[in-house]
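Numbering-wise, the sequence shown is residues -28 to -1, 1 to 188 according to mature numbering (1 follows the signal peptide of the UniProt record, and there is no 0).
Each hint should be verified, as a subset may be incorrect.
[Unchecked claim] Pairwise CB distance ranges, derived in the manner of DEER restraints:
(1) Gln97 - Ser70: 15 to 25 Å
(2) Asp128 - Asp102: 42 to 52 Å
(3) Ala160 - Asp120: 50 to 60 Å
Hints listed in this document are in silico derivations from the structure and should not be mistaken for laboratory results. Yeah, the Cβ is synthetic: ideal placement off N, Cα and C, and Gly gets one too.
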Amino acid sequence: MTVQLFKAKPALWLASALVLGFAVTASAQTVYRIVGPDGKVSFSDKPPANPEQGKIAATGIGAAGAASASNLPFELRQVVSKFPVTLYSSAKCGPCDSGRSMLTNRGIPFTEKTVNTNEDSEALQRLTGDTSLPVLTIGSQRLKGMSDAEWNQYLDAAGYPKSSQLPLGYRYAAATPLVQIAKPAPVAPKEKAPEPKVDLTAPPAFNPANPAGITF
């Protein structure tokens, strides 16, 4: 099956792909960076069962990392909740800048994750299969590389408006690293047990060898 078979109804096909993909895999897109007791780092879509198995730092990918939609118009808020948009970018990346501008100009609420460290790259490799940027996700649909036509086509299929409906004064959240390291909480120092107090006024203990209790 190829894309050419669906030229007659591209919007319908894209919408179906977005709905099916979102229902199946959107909930599995949160990635955890796990630092084991031996110091080894691994990535998983499931957190460790208990703290002894390792420290975790969720990357905030997927629906949980969607842009805040509380102050958006109702229809736009519904689309954002079903098909959250996330842009994966890096510093000094021209196509990333173009993609960000395109989303902003169209008024698409989105979350931006930056890939600037080795740990970020490892997490991106796990998510997309490679480390090329930019990457755009719409729900569970993953688009690699910047393409105005392709990005707009999938945004249309998801139900995003063609022009901005963002409220006046809307501000995009600042970009955050793909992998956010969780710092362990400081351990409170143990309190020392109080030393026993010596009562200097108490009479000395009876000594059979010195019944009079005479001291020199």
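Okay, Asp128 versus Asp102 on CB: inside 42 to 52 Å?
About 26 Å separates the Cβ atoms of Asp128 and Asp102, which means 42 to 52 Å is violated.
Can you let me know if the beta-carbon spacing of Gln97 and Ser70 is within 15 to 25 Å?
23 Å, holds
Does 50 to 60 Å hold as the CB distance between Ala160 and Asp120, or does it fail?
55 Å, holds
Of the numbered hints stated above, the single one contradicted by the structure is hint 2.
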